[in-house]
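Hey, can you work out the whole structure from these sequences and the hints?
Protein chains: 2
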Amino acid sequence: MRAVDIIARKRDGQTLTTEEIGFFVNGYVRGEIPDYQAAAWLMAVVLRGMDARETADLTLAMATSGRTLSLRSVAPVVADKHSSGGVGDKTTLVVAPLVAAAGLPVGKMSGRGLGFTGGTLDKLESIPGFEVSLSVDRFIAQVARCGVAISGQTAELAPADGLFYELRNATATVPSIPLIASSIMSKKLAAGADVIVLDVKVGRGAFMKDLGSARRLAELMVDVGRRAGRRVVAVLASMDQPLGYAVGNSLEVAEAVEALRGRGPADLRAHCVVLAAHMLLLGGCARDLSGARELARETLRSGRALARLREMVECQGGDPRVVDDPWAVLPRAPIVVPVAAPREGYVAGLDAEKVGLATLLLGAGRERKGAPIDHRVGVVLHKKVGDRVRPGEPLFTVHAADEASLHRATEEVLAAYSWSGYPVRRPRLVRGVIGAEAAISSE
Amino acid sequence: MRAVDIIARKRDGQTLTTEEIGFFVNGYVRGEIPDYQAAAWLMAVVLRGMDARETADLTLAMATSGRTLSLRSVAPVVADKHSSGGVGDKTTLVVAPLVAAAGLPVGKMSGRGLGFTGGTLDKLESIPGFEVSLSVDRFIAQVARCGVAISGQTAELAPADGLFYELRNATATVPSIPLIASSIMSKKLAAGADVIVLDVKVGRGAFMKDLGSARRLAELMVDVGRRAGRRVVAVLASMDQPLGYAVGNSLEVAEAVEALRGRGPADLRAHCVVLAAHMLLLGGCARDLSGARELARETLRSGRALARLREMVECQGGDPRVVDDPWAVLPRAPIVVPVAAPREGYVAGLDAEKVGLATLLLGAGRERKGAPIDHRVGVVLHKKVGDRVRPGEPLFTVHAADEASLHRATEEVLAAYSWSGYPVRRPRLVRGVIGAEAAISSE
Chain A
1 MRAVDIIARK
11 RDGQTLTTEE
21 IGFFVNGYVR
31 GEIPDYQAAA
41 WLMAVVLRGM
51 DARETADLTL
61 AMATSGRTLS
71 LRSVAPVVAD
81 KHSSGGVGDK
91 TTLVVAPLVA
101 AAGLPVGKMS
111 GRGLGFTGGT
121 LDKLESIPGF
131 EVSLSVDRFI
141 AQVARCGVAI
151 SGQTAELAPA
161 DGLFYELRNA
171 TATVPSIPLI
181 ASSIMSKKLA
191 AGADVIVLDV
201 KVGRGAFMKD
211 LGSARRLAEL
221 MVDVGRRAGR
231 RVVAVLASMD
241 QPLGYAVGNS
251 LEVAEAVEAL
261 RGRGPADLRA
271 HCVVLAAHML
281 LLGGCARDLS
291 GARELARETL
301 RSGRALARLR
311 EMVECQGGDP
321 RVVDDPWAVL
331 PRAPIVVPVA
341 APREGYVAGL
351 DAEKVGLATL
361 LLGAGRERKG
371 APIDHRVGVV
381 LHKKVGDRVR
391 PGEPLFTVHA
401 ADEASLHRAT
411 EEVLAAYSWS
421 GYPVRRPRLV
431 RGVIGAEAAI
441 SSE
Chain B
1 MRAVDIIARK
11 RDGQTLTTEE
21 IGFFVNGYVR
31 GEIPDYQAAA
41 WLMAVVLRGM
51 DARETADLTL
61 AMATSGRTLS
71 LRSVAPVVAD
81 KHSSGGVGDK
91 TTLVVAPLVA
101 AAGLPVGKMS
111 GRGLGFTGGT
121 LDKLESIPGF
131 EVSLSVDRFI
141 AQVARCGVAI
151 SGQTAELAPA
161 DGLFYELRNA
171 TATVPSIPLI
181 ASSIMSKKLA
191 AGADVIVLDV
201 KVGRGAFMKD
211 LGSARRLAEL
221 MVDVGRRAGR
231 RVVAVLASMD
241 QPLGYAVGNS
251 LEVAEAVEAL
261 RGRGPADLRA
271 HCVVLAAHML
281 LLGGCARDLS
291 GARELARETL
301 RSGRALARLR
311 EMVECQGGDP
321 RVVDDPWAVL
331 PRAPIVVPVA
341 APREGYVAGL
351 DAEKVGLATL
361 LLGAGRERKG
371 APIDHRVGVV
381 LHKKVGDRVR
391 PGEPLFTVHA
401 ADEASLHRAT
411 EEVLAAYSWS
421 GYPVRRPRLV
431 RGVIGAEAAI
441 SSE
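Going down the list, the sequences are from chains A and B. Be aware that the first sequence starts at 1, since it is given in my numbering, and climbs by one per residue. Be aware that the second sequence starts at 1, since it is given in my numbering, and climbs by one per residue.
Everything labelled a hint here was simulated from the structure, so no lab data went into it. Each hint should be verified, as a subset may be incorrect.
Claimed, not checked - A short, non-exhaustive set of chain A residues, derived as facing chain B with CB atoms under 7 angstroms:
no., residue
1, ALA8
2, GLN37
3, LEU47
4, THR171
5, ALA172
Unchecked claim - Facing chain B, according to a computed beta carbon distance under 7 angstroms, are these residues of chain A, among others:
no., residue
6, VAL4
7, ILE7
8, ARG11
9, ALA39
10, ALA40
11, MET43
12, ALA44
We treat Cβ as the ideally placed atom computed from N, Cα and C, and that holds for glycine.
As structure tokens, this is what we get:
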């Protein structure tokens with residue numbers, strides 16, 4: 001078998017065999033297939049596509065390219081979740097302790113990722129002392145002891161994914177549904193969870209801009225996960241406007257704590273309950289989805305979810321006071337400026353991409369790998385789509401490090417709003433569920 | 001400008017600007033753009049294509065990536081030719097001295113290439129002492145003194161082509177008409193000739209298997225050459241059966257000498273006259289094509305063409321007796337076995353690819369770069385398509401180094417023949433001419 005022949009077959013639109021895909025992935029990881037052959041192959045995959053079986057083979061080859069965890073020693077069933085990333089998406093901070101508190105252990109490894117705002121790891125690092133780089137042994141031990149652990153992806157797991165991801169970034173071979181699906185699922189499969197709930201975002205602030213692409217990605221990931229013997233559901237969630245009000249690392253941690261108290265933005269709480277319910281149902285903690293949803297709500301109400309966040313923060317070396325009084329410990333921006341509405345009316349649109357860009361301008365995200373992040377800065381929205389706004393009411397608040405970024409971000413967020421003189425319906429958040437035995441409707 | 005954005009634009013099927021193409025080629029040659037980005041870009045070009053302007057820009061960027069020769073100091077007009085390669089193609093050995101003897105200087109640089117039989121350089125190296133690695137200065141001086149020089153491509157010219165070619169071989173990005181056109185034409189443009197005649201082969205024994213692809217390649221190369229201010233014509237020539245009778249390095253040199261004596265295979269002589277006539281017409285040595293053809297024929301008849309080959313061989317250090325008595329100096333195979341026709345009838349087909357494979361089995365060609373070549377071995381056909389064959393007549397003769405390769409090659413050549421019980425028309429050799437002021441019909 002020769003790499004160049006495998007490239008040629010994909011170039012010509014043919015379907016690769018399981019053996020060919022395994023040969024290519026393993027050869028690349030071992031350094032026997034050079035970057036330039038992998039790059040040509042990736043471009044052929046982007047332009048010629050891959051079917052579900054090829055994608056599953058690619059995913060499994062990547063998942064088994066390094067160490068694979070078994071969490072069976074910890075619990076009969078362990079759950080994981082993944083979000084394809086959006087603006088203001090702090091659901092993991094809420095859902096992971098919530099599901100664990102409801103009785104289903106959660107072991108989640110996150111990538112650091114690029115983007116407008118930081119990823120889950122960056123958000124958690126807002127908490128003084130919080131350690132996100134757990135060794136595999138410590139990760140497993142913490143899932144056993146505390147029922148929940150969130151750690152950075154270790155390089156030992158699915159090393160093929162890291163190699164391919166870096167190469168894809170440099171060679172314009174990122175936008176391919178099979179490659180995206182295999183990248184996400186290879187890490188999930190290697191991390192060992194039996195139950196996987198995927199939060200696939202669609203819209204202006206998401207990588208998938210249209211529902212059709214998001215649905216194809218979700219279907220492919222569910223298919224791949226099932227071929228690998230996992231229980232998988234994907235929730236398609238709108239990301240036209242940010243999720244919740246807070247966008248920025250410390251700000252989102254504080255908002256997640258609010259949500260775990262049963263307060264904070266209704267859309268965030270509702271979406272966390274949806275995701276948690278699917279995890280609990282797949283994990284066998286409820287009979288049906290409405291039961292799972294009730295269990296999630298009750299766990300929130302009881303304060304057990306919040307208590308579980310405190311335990312997790314303590315286990316990972318963070319300051320547990322963040323749960324009682326977030327702003328006593330989280331870093332705060334030196335400049336905090338509320339911005340008044342420029343007009344009255346109804347918010348017709350709130351472009352998540354523009355809000356994301358504003359927080360990037362403030363320093364909350366990173367454009368390049370390894371770039372530093374300012375955990376303090378961000379934007380807190382006060383009005384979202386469907387809200388009525390009276391003249392002079394505060395529209396949003398900017399948390400900035402300096403005047404220059406304050407002004408640029410303010411302009412960007414103002415431009416994110418569009419208006420109507422007439423009432424506007426609040427948009428549905430959940431746009432569909434893939435792979436659920438009983439479909440869940442929108443909240 | 002960033003390489004990754006240029007890759008993305010081509011991935012998305014967009015047309016690249018002159019500046020983008022120049023940036024990419026120059027960046028790659030300077031080592032600022034790594035192999036893996038070039039590989040992804042090449043695959044995007046293979047699958048998305050390039051228009052004529054992009055191809056011309058790519059060709060010029062490659063042509064000017066190193067030293068470019070000017071032959072103006074040598075003569076007002078210098079001619080060059082290129083063949084896209086075929087089985088038994090020894091036209092350069094005939095056409096170059098013929099055109100020079102008719103009054104138009106010829107400066108040709110050849111690549112060594114891969115393939116069934118050796119390239120022009122390998123054939124010339126059959127002649128004891130013949131030196132194919134001329135320095136640029138010696139090449140120019142010889143064109144000035146002798147009127148004709150054939151040298152290996154120097155690494156100083158169009159280094160981008162060498163880099164891209166090696167990468168394309170390793171990444172399954174060879175089969176792309178714009179990339180093939182730019183590879184061929186960049187070397188021709190850098191080598192400085194004003195008149196370029198392209199012999200584009202089509203058929204079983206050629207890289208282009210169908211007339212449509214060959215025509216597109218020819219049209220694109222003529223267009224690119226004209227955009228660069230050169231006079232260019234392309235001849236589309238059938239390569240379903242080998243050209244002439246001899247296939248193998250020494251054997252082809254001997255046949256070329258025969259052709260320069262006005263003897264040897266009729267198809268070879270006719271094709272050499274067609275190519276020479278187009279070169280002479282473009283070079284201003286004749287009023288019209290029939291005059292150019294007559295000039296070529298007269299130059300052959302007069303013995304001046306053969307005399308010019310002798311001068312060229314002497315100039316390049318070879319044994320000039322090859323012109324008087326080829327087999328007194330050319331290396332001969334130890335085993336020479338005529339093979340009788342297995343049946344009587346008419347030759348209906350003679351698969352050039354199979355004959356080429358047979359000579360490769362004998363050791364006349366190379367599959368890998370730098371592999372050694374046996375100049376002695378090959379096949380001499382005695383019957384070609386349209387010929388009547390009586391039982392027991394010799395069909396071909398194998399020149400082999402050992403018994404094992406003799407048997408394998410014999411089987412392969414026998415399998416190359418197909419038969420008819422009824423008379424078969426001799427096929428046309430010239431299938432079209434691109435870019436000629438007056439089209440030349442088949443001989």
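Numbers of the earlier hints that this structure fails to satisfy, in rising order: none
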